[in-house]
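A.B. asks: Between the sequences and the hints, there should be enough to build the whole structure, so can you do that?
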Amino acid sequence: MFTSRKVGRDDSWEGVIVNKSRGVLDGSNMYHFIEVRLADGESVKIRISRRLWKSVAVGERIVKRPGADPEKG
Numbered sequence: 054m055f056t057s058r059k060v061g062r063d064d065s066w067e068g069v070i071v072n073k074s075r076g077v078l079d080g081s082n083m084y085h086f087i088e089v090r091l092a093d094g095e096s097v098k099i100r101i102s103r104r105l106w107k108s109v110a111v112g113e114r115i116v117k118r119p120g121a122d123p124e125k126g
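In terms of the numbering used here, the sequence shown opens at residue 54 and continues consecutively.
Source of the hints: derived by calculation from the structure; they are not laboratory data.
On a predicted model such as this, the values are computed, not experimentally measured, just so you know.
Ideal placement from N, C-alpha and C gives every residue a C-beta, glycine not left out.
Among the clues, some could well be false.
Below, in silico cross-link-like pairs of lysine-lysine (DSSO-like), each with a Cα-Cα straight-line distance of 27 Å or less [to be verified]:
id, residue 1, residue 2
1, 98, 73
2, 125, 98
3, 125, 107
4, 73, 107
5, 125, 73
Pair by pair, the computed Cβ-Cβ distance ranges are [claimed, not checked]:
id, residue 1, residue 2, range
6, 80, 114, 32 to 42 Å
7, 124, 75, 14 to 24 Å
8, 93, 63, 17 to 27 Å
9, 81, 118, 13 to 23 Å
10, 104, 78, 18 to 28 Å
11, 76, 108, 13 to 23 Å
12, 112, 80, 28 to 38 Å
13, 80, 118, 32 to 42 Å
C.D. replies: The following block contains the structure:
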């Protein structure tokens, strides 16, 4: 099971992308998501920017440091 959330500014985590998806959840805006398997085995579904979504692929590492946006790691 996984949880879905928007990335918080002070969050810190790293993991491997296991899935990418996108959708029009509110009828007018496109949202981009990745599912990340963290080091402890937990999976989280996270909303990210379109630019980052287009630059990452399944199997790549991604890192989120406190005060920064998620980035390829």
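A.B. asks: So, against the hints stated earlier in the document, which numbers end up violated here?
C.D. replies: 9
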